[in-house]
Every structure is written in structure tokens, then in C-alpha cells.
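Undergrad: Sequence:
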Amino acid sequence: MLRDFLELLRERFAELRREVKTSRLFILGLGYMGLLAVMVFRLYQLQIINGESYQKNYLQKTEKTVSIPATRGNIFDTNGKLLAYNRLSYNVTIKDSGEYRKPAQRNLMYYRLIQILNAHGETVTGRLEIGLNDNGEFYFTSPNEEARKRFLRDFYGLKRVTELTGASGKYPSEITAEELLNKRFQSYKLNELKDEEGNPLSLSNLEKLELVNIRYTMGLTAYRSYESTVVVTHVKDETRVDILENQAKLLGVNCEQTTERVYNDAVPFSSLIGYVGKVPDEQLKELREKNPDYSLSDTIGRTGIEEYMEQDLHGKKGSRTMYVDNVGHVMEVESETEPVAGNDVYLSIDRDLQVGIYHQLEQHLAGILAAKLVNEDDPNNDTTDSTARLIPIKDAYYQLIGNNVLSLDHIKGESASETERFIAERLRSYGESSLAAMRSQLMDSAPLNMAELPNDQRAFLYFLYTYLASSESGIVEKDQIDSSKDYYARWKADSISLREFLQDGIKDGWINTTAVKGVKKYAGAEEVYQALIDSSLEELKSNSDFEKLLCQYMIRNNLVGGRELCLALFDQGVLDPDPAAQAALASNGPAYAYSYFVQLVSDLKITPAQLALDPCTAGCVVTDVTSGKVKALVSYPGYDNNRLTNTMDARYYTRLVQDESLPLYNNATQARKAPGSTFKPITALAALEENVFGLTDTINCTGIYDEITPPLRCWIYPGRHGLQNIESGIRNSCNFFFADLGHRLATNAQGEYDPGLGMERLSKYAIMFGLDQKSGVEIIENDPMISNQSPEQSAIGQGTNSFANVQLSRYVTALANRGTVFNLSVLDRVTDWQGEAIRSYEPNVIKTMDVKAENWDVVQRGMRGVVESGSASRIFKGFEVNIAGKTGTAQESKTRANHAFFISFGPYENPSLAVTVNIPYGYTSANAASVAKDVYRLCFGYTNVDEVLNAGAQRASDARIED
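Using the numbering used here, read the sequence shown as starting at 766 and increasing by one per residue.
Among the hints, erroneous ones may be present.
In the DSSO-like style, the derived pairs of lysine-lysine whose C-alpha atoms are separated by at most 30 angstroms in a straight line are [said to hold, decoys possible]:
1. K1313 - K1137
2. K914 - K973
3. K1014 - K846
4. K959 - K914
5. K935 - K1286
6. K1313 - K1285
7. K954 - K1081
8. K948 - K1282
9. K1082 - K924
10. K1370 - K846
11. K867 - K954
12. K948 - K973
13. K1282 - K1272
14. K1285 - K935
15. K1539 - K1617
16. K1159 - K1243
17. K954 - K924
18. K1257 - K1282
19. K1001 - K1159
20. K1055 - K1043
21. K1286 - K1272
22. K948 - K914
23. K935 - K973
24. K1282 - K1250
25. K1286 - K1306
26. K954 - K1055
27. K1001 - K1014
28. K1285 - K1306
29. K846 - K1286
Simulated restraints, written as ranges between beta carbons of each label pair [as the list claims (entries may be wrong)]:
30. R1416 - R852: 21 to 27 angstroms
31. T941 - M1208: 26 to 32 angstroms
32. N947 - L847: 43 to 49 angstroms
33. H885 - L1213: 22 to 28 angstroms
34. R852 - H885: 31 to 37 angstroms
For the record, the hints were derived by calculation from the structure and aren't laboratory data.
Glycine included, C-beta positions come from ideal geometry on N, C-alpha and C.
Please work from the sequences and hints to get the whole structure.
TA: What follows is the structure, given as C-alpha cells:
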């Protein structure tokens, strides 16, 4: 039975095998099994046998190399005192690694970030060149119009500035900052921003600006998503802690360690050391020619020594090679090269001298201003001598507004004090009445001529004309005015009204009617004129310069006085709170406000730079006469370069550019003026060496030199110096004497007068002293100019002679050392970051003058006589060190004070130092000599920098020097 059962099973299995072999499913199954076997084998081959090789090949396709910036080198003074260094800091960075898939999520994260930043007072420092002013209005932060257009080019993603279009085009250049920001705000869908619960968010202008700034900056680096983008620099520790604590809601945000550039004694050294900043687009090509590693994200020296020594200070970048995935995640660091720190630079400058002299200049300028301020409206007239001019106190009051010491925005703002609201109401009322009076004159059929108008109305109408003729307006085309027309002569003579003058312009075609707003097609002359007046007066309402002009006349007309303006100084934090002084100001009248303000100037609580009145600038250079090394190179006023370095404070920079005291201008190397009588030692040497005058010869000064037309007056006229030789001529700075030397230099061997010969000889000796070229210092410097006309005028330092302080410094250095002319230098040595010497800067002699010893002797004796018994003797009486010097006064304008100069060296017996001082519009060279005296006291240790810093304004010299 069992056998039968097994037989049955065999038969059934045999039958089943026959069915399977003939089934299509079987064939299909075998095919699938074959494919599966191939796939398993292939996977085994890819992952097990060749997996490592394929993985490596894949990673090579996403290999990225990033640079690691080097630490910038330090800058020291000659004694090793630290002037510029790097401080550990943290930047807020964002890396978009794909954590936020939707724009709304990413925007909300940015919003969370700016809430933290604003809570700690941080500022987004992206690449968007738009800022927010005190009134909450958007403005372009670009430093000039050219830079603004380059920003717009990049903003629109264009290749060239020329691709920008008009207002109606796709890429308008004539667009407001607010319009530009709002367009991008919407394109980024920030207007759709909602909180976690889906509620729409209401954003302030600051929040809008910061969000757009972050999005814009991130967009510039989107193609390098594996790198972090810096959006805030140098944040506070508490900001960093707050961000790290909230990092779960701020994916991609980090605080990365970096360094920030810091300057000690920033203001006194600003014009010398300069500052660092990001690489400008237009400079990148030039930098890469020197070092191909530069990129737009690098920090470089922008001005001063930071710029000149860039290649030493910059250091050598390191690099990091890494593998990243397709969303920018770093998977592996393959290799890394450490950066090499920049070299350290040592200056020849003495820090204590630089700082001390800066404050000495400020103190002396304050003393001059305090002595010249008077409580009178019109203390000067057409006959007032330039050395005797006085400053009306109302001019000083106005400068508080005119030079932005007081903020008009704050005065008109919501947080204004009671005093400020009073000023604002007076300004509003006066502005309305003034504009109404202007309209009346411009529309009256019988208007007054310009000369017949009150002073303020005449000034306002002149402002309107100037505005219409500006490039901003483009309405008056001045180059099209026919100067032969009668109305043009009357305009120049103030014997015509502005109404008539403009109507003549419409008739004669030099009024560009297409630029006038509101002009209808085929409008007649009267309609054009009406539209011109309506639109221009409307524009004046928002013109900040016109608003300042209103303030000027509001103060002159006693609508606002010193009491209100001094109280506003307290309200705006310019002055520290002083309840007693504030109460006294509030309860007293104009006389008290005047005396209080003068005291503020004397105490340097209001500085000459803030007032920007004459004088408000000065320069001083101190050199080692044996080497040409500069010990101090000081320009007043300076600025806080810490606020321009790293990330520029755009609002502060704008203030500096607008500052009337020109703090960005180096008064030691850029301010060129006629040297006046400081040039006379050159004339003396030229006359002696050319044998047109002997050591024992004399000239009789009669007070007026009439060998030329017009006659040249000596400064002593109507007095006279009498007989003068070389030594006494220098000592007394006799203009008659040196004019005659110039005349003799212009007389040839046949006794014929040849002005060309005279100029050739004077130029020869000026060139011997290096006055035909820059001084050699390693910072920005204007070219000198040797006079090319009038030997007699040129011989006394007038003509077209024009030199900077530092160029006179090289000249007097050569006078002191008897003919060795150096290229001046502010550099001493360079070392690597470990202190190993790389190179030193040795004295650079460019020429040695061949001058007879007896001629050097008499010129130096004459200069000693100036200080010992001549024009500067009252200033140096009893001074501890014997100094030789030469005063110089130059008149540039009859309505402004004279320029003041003093060149000198000491000790007279064995010179070691030369000191030159220039005070533009400094009244008299006695003031420059007084500064030099204090500089020598500091140099030779009779005072120290701490004593200088604790001093107030120095009394202006009462010595009268008119050379």
C-alpha cells in the first residue's frame, strides 16, 4: 500500500514538472531571477569591491578650497608704543545649507535674528548701501554719485554702469533709496512675513532695512553656499550668548571668531595712520597685480600708512581644501595651510609728541577764537586789516547748526525738548514768512532790484538762483547766458530783480524749460515762469541747505539767540548736564550767553573744529635734521578712524565729508599756501651765491619799493627800516630789502632788467632745497609749486609760490644742517610678527647743496635774530633753548584773516630738530610761533604730554607781526 502511495506521488510530481516546463510563467521567473542575480552582483561590485574608489571620485567633483585670512600686522611708534593692533572679536554669520526649504521660513528666521540684534543695539553691516536717518527716512550711504551708480549696477545685476536707464526704464538710476528698498522688500516676499501663529507682522523702517540688507548680502554670495556670509561685525558678548542660546530657531546662524582693527590715540594719528576697509571694486585688479590672492571680501589699508604699507601689513593667506555635498555641507577637510601673520611696522613718529602737539594746536586755535569773538553784529568793514578782523558771536552761534554740532532733525523731532520745540516753531514761522516774501518779489509786476532788498531776502533769492543753476536742478544753463547782454551786467551789479533776470532767460533760451516741473505742452512764457516759481519754491521747503540759511538769518535777526542754542547743546548731549549753568542761561539774557559761550570755547567744551570758523585748522611737522626722520606729523582736526575701519560707519563718514573744518584733509601735507616771508632765506642765499649782493652790502629801506609797478610796500610802511644787510634784512623781515634782492637777481651782467633771469635764479635755489617735488613722506601729499612770475613778489614768498607744511619742513631741515636735503620719512623699520628684523629705513639723501660756509653763517644768524631780537623775540623771551626761525604771513583774501607760518630749528648752536607750523587764516605768524615755542618745550622735556592734555585754551599772542 505504501509502495502504491509513493508511486502516485512520483507520477504527480512528474506531471507537475511537465506543466512547469511548458509554462510561460516559469520562463518569466527564470528571467527575473537572472536579472536579480546581475543586480546583486553589480551592487556588490559597486559598494564592496569599488565602493571606496567611486566615493572618492564623487567627492572630487565637489572639492572646494577656501582661503583663511591672515592676521594684519601691528603698527608701533618709534619707541615701541602700540598704535594699531587687532582685537579678538566675533561676527554674526549665516550659511544657507538648505535647512529652510521655503522662503517664508527663511524670512521668519531672519526676522528672529534681527529682533535679537536690535535688542542689543547691534547694526546689520551687509553690502546694501542704504541707511536710515534720524527722521526714519531712507537714504543712499554711497560716498558719492559715482559710487551710488556702481551700487545700483550691482544691485540690478548689470555689468556696466552705462546699462542704467532713466526713471521709466527697467534699471532706473534716478530712483530714491526708499523706492529701491521697497521694490526689493516685495520681491523677497518680506511683505508677506507672518509669525509662528500665522499672524501678519508689522515692520518698522529699521526692520525693513535690516531684512533687505541681510537678503541682499546673502544673495551676493549664494553661489558659494559652503561659505558663511558675514551680516553683523564685532558683536557684543551678550549678543553672541543670546544667539547661541536661540540657535535651534536660527539654523545656519553662527558667531565666528575674527579680529577687528583698533587704533590707539585715534584722532591725533588718524591723518597719518589712516584706516582699513573692504576692497573697493575698482581697486581689486590693481591689488591682484601685486598679489593674486586678494578678493573683494578682504580688508585692506584705505588711507595713510595702512595703505602705503599694505603689502607688509596684509600677511599671507592660508587655505582649507574640503569636500562638500550638493547643499554645501562640509563632509571632510582634506588639507589646511596656516596663514602667515602680516609684518609689524615701526614709525619714526614719537607717540607722545604726536598726541601732545595735536592738543597744543587745538588749544592755541581755541585761544585765538576766544580772543576774536565779540558781541557785535558787524565789527569789520572794508578797511579792516586782515590781522585785526573780529568774529561776530552770531556767526559762532550759527555754526552750531551750520556745521551740524546741533541736529536740526532732533530739534524738529518728536523727542525734542521744550527749548528745541521753541527753536523749531521759530524756524517754521520764519520759513513760511520768508517763502511768502520771496513769492511776492518773484511774482510782483514791479519787483525790487537785488540791491534794494533786505539782506535776508537778497540772500534767499541768490540761493534760489544758485539752486536753479546747479547740476541737481539743471534749469539755468549758465554757459548759455550771453554776457554781453545788458541784463547780465545789471545782474552782476545787483541792479535788476531776479524776476526780470529769469524772464529774460526764458526769452533768450538759457532757461531749460524741459527741466521745469509742471510745464504744460505749448505753454507760454508766463506759464513757464509761473511753473518755475511754483516748483522751485516748493522744492526749497525740503532743501536742507536752504533750511540752514534760514537758521543763519533767524539768528542774525534775533529770533533765536545764544541762550536757546546753548541750552540745546545740553538737550542733545553735546554738553554734559550742568544744572547750575542751564539755570543761569535760562534766567539771563544775550550778554550772559555770549560770555558763557566764549568760556565754552576757552575750556574746549566746544572745539575749533566744531565751530569751523577762521582759524579751525593747523599743521605741524617735527623732523630730525640729521636724518630727515619725521618725529611728528600732525594735522588738526582729525577724526576717529576706529569708526571708519573694519565696517565703515556710513553716517559718521557722511558727517566728516560735510564737516566744514575738513577733518579728512591733511593740513600738514595737503594744505598748500604761499609761504610768505619763510621763503626769504632762500632769496638771501640766492643773492649771495649769485654774487648780486655781498655780506657787507646794504640796502636802504624807505618803506615803499617803487622800482616796479605797482610799488611794493614794506610791512613797516609808512615807517622805514633804513639800512639793511643780509642779517638784519632777515631779522626784520624787510619786504623792501628782499624785493630789491629779487630785482638784482633779475638784472643781468649788462645791467638790463630780465624778469625771466630773476625767476630762473630764484627757482634754481628753491629746487636745491627740494621745493620742486614732494617731501618724501609716505602718505598723501599735494605737489608744490614754485613761483613763475614777478621776481620781486616771488622773492618775498608771494607770486605763485605754494607749498605744504611738510615741504617747508624739508627746506628748513636743510637750512639747519647746512645743505643736506633728505627725502623725509615717517618709517623706521619693519619686523615679522616674531620681531625678527626684515628691513630698516635709512636716511635718504637726495642732494647736498654746495653753498659757502659764510653764507650759511649769515642766514642762520639772521634766523636766530628773528627769535632773539626780531619779530618773534617777545614770544621766545626767556625761552630755555636757543631757537632760530623765520615768521611768515600771507594774505589770500581781504575778507578773511591772513595765513600764519613759522619755520625753525634748534638748538641754534647744534641743531637737532626742526619745527614748522602752519595755521591757515591764523591772523599773524606770531600765533604760529607761539605754537612752535610750546612744541619745543614738549620736544626738549620742559613739559610732558600729560600736562598738555590737562591744559585749556592758550592765550592768543598779542605780538604784532605783519611780515
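Undergrad: A separate judgement is required for each hint: does it hold in the structure or not?
TA: Right, here's what the structure says about each hint:
Distance check on the hinted pair: K1313 and K1137 sit about 24 angstroms apart at the alpha-carbon level, within 30 angstroms; holds. Between the alpha carbons of K914 and K973 the distance comes to roughly 22 angstroms, so the proposed pair stays at or under 30 angstroms and holds. Annotation: proposed proximity of K1014 to K846 is violated, straight-line Cα distance about 46 angstroms (limit 30 angstroms). About 34 angstroms separates the Cα atoms of K959 and K914, which puts this hinted pair outside 30 angstroms; it is violated.
Pair hint K935 plus K1286 holds up; C-alpha atoms about 26 angstroms apart against a cutoff of 30 angstroms. For the hint pairing K1313 with K1285, the CA-to-CA distance comes to about 33 angstroms; that exceeds 30 angstroms, so the pair is violated. With a CA separation close to 42 angstroms, the supplied pair K954 and K1081 exceeds the 30 angstroms bound. Using a Cα cut-off of 30 angstroms, the hinted pair K948 and K1282 holds, with the two alpha carbons roughly 25 angstroms apart.
Annotation: proposed proximity of K1082 to K924 holds, straight-line Cα distance about 29 angstroms (limit 30 angstroms). Distance restraint check for K1370 and K846: the Cα-Cα separation of roughly 29 angstroms lies within the 30 angstroms cut-off, and the hinted pair is therefore satisfied. Using a Cα cut-off of 30 angstroms, the hinted pair K867 and K954 holds, with the two alpha carbons roughly 11 angstroms apart. Between K948 and K973 the CA atoms are separated by roughly 11 angstroms; this keeps the pair inside 30 angstroms, and the hint holds.
Straight-line distance between C-alpha atoms of K1282 and K1272 comes to about 18 angstroms, which keeps the hinted pair within the 30 angstroms bound. Proximity of K1285 to K935 is assessed by CA-CA distance (about 26 angstroms); at most 30 angstroms being required, the pair is judged to hold. Distance check on the hinted pair: K1539 and K1617 sit about 26 angstroms apart at the alpha-carbon level, within 30 angstroms; holds. A distance of roughly 34 angstroms separates the Cα atoms of K1159 and K1243; the hinted pair therefore is violated under the 30 angstroms criterion.
For a cut-off of 30 angstroms, the pair hint linking K954 to K924 stands: about 26 angstroms separates their Cα positions. The hinted pair formed by K1257 and K1282 meets the criterion: a straight-line CA distance of about 28 angstroms does not exceed 30 angstroms. Restraint check for K1001 and K1159: not satisfied, since their Cα atoms lie roughly 43 angstroms apart, outside the 30 angstroms limit. Pair hint K1055 plus K1043 holds up; C-alpha atoms about 17 angstroms apart against a cutoff of 30 angstroms.
Restraint check for K1286 and K1272: satisfied, since their Cα atoms lie roughly 17 angstroms apart, inside the 30 angstroms limit. Simply put, K948 and K914 have alpha-carbon atoms about 17 angstroms apart, close enough for the 30 angstroms limit, and the pair holds. Distance check on the hinted pair: K935 and K973 sit about 23 angstroms apart at the alpha-carbon level, within 30 angstroms; holds. Proposed proximity of K1282 and K1250 is supported: the alpha carbons are some 27 angstroms apart, at most 30 angstroms.
Distance hint between K1286 and K1306 is fulfilled; the C-alpha atoms sit about 26 angstroms from each other, no more than 30 angstroms. The straight-line distance between the Cα atoms of K954 and K1055 is roughly 43 angstroms, outside the 30 angstroms bound, and the hint therefore fails. A distance of roughly 20 angstroms separates the Cα atoms of K1001 and K1014; the hinted pair therefore holds under the 30 angstroms criterion. For the given pair, K1285 sits about 23 angstroms from K1306 by alpha-carbon distance, which is consistent with the 30 angstroms threshold.
With a C-alpha separation of about 71 angstroms, the suggested pair K846 and K1286 falls outside the 30 angstroms cut-off, and the hint is violated. Range check, R1416 to R852: Cβ separation about 23 angstroms, and the 21 to 27 angstroms hint holds. About 31 angstroms separates the C-beta atoms of T941 and M1208, a value consistent with the hinted range of 26 to 32 angstroms. In this structure, N947 and L847 meet the distance hint of 43 to 49 angstroms, their C-beta atoms being roughly 47 angstroms apart.
At roughly 59 angstroms, the beta-carbon separation of H885 and L1213 lies outside the given 22 to 28 angstroms, and the hint is violated. Roughly 19 angstroms separates the CB atoms of R852 and H885, a value that falls outside the hinted 31 to 37 angstroms.
Of the hints listed earlier, those the structure fails to meet are numbers 3, 4, 6, 7, 16, 19, 26, 29, 33 and 34, in rising order.
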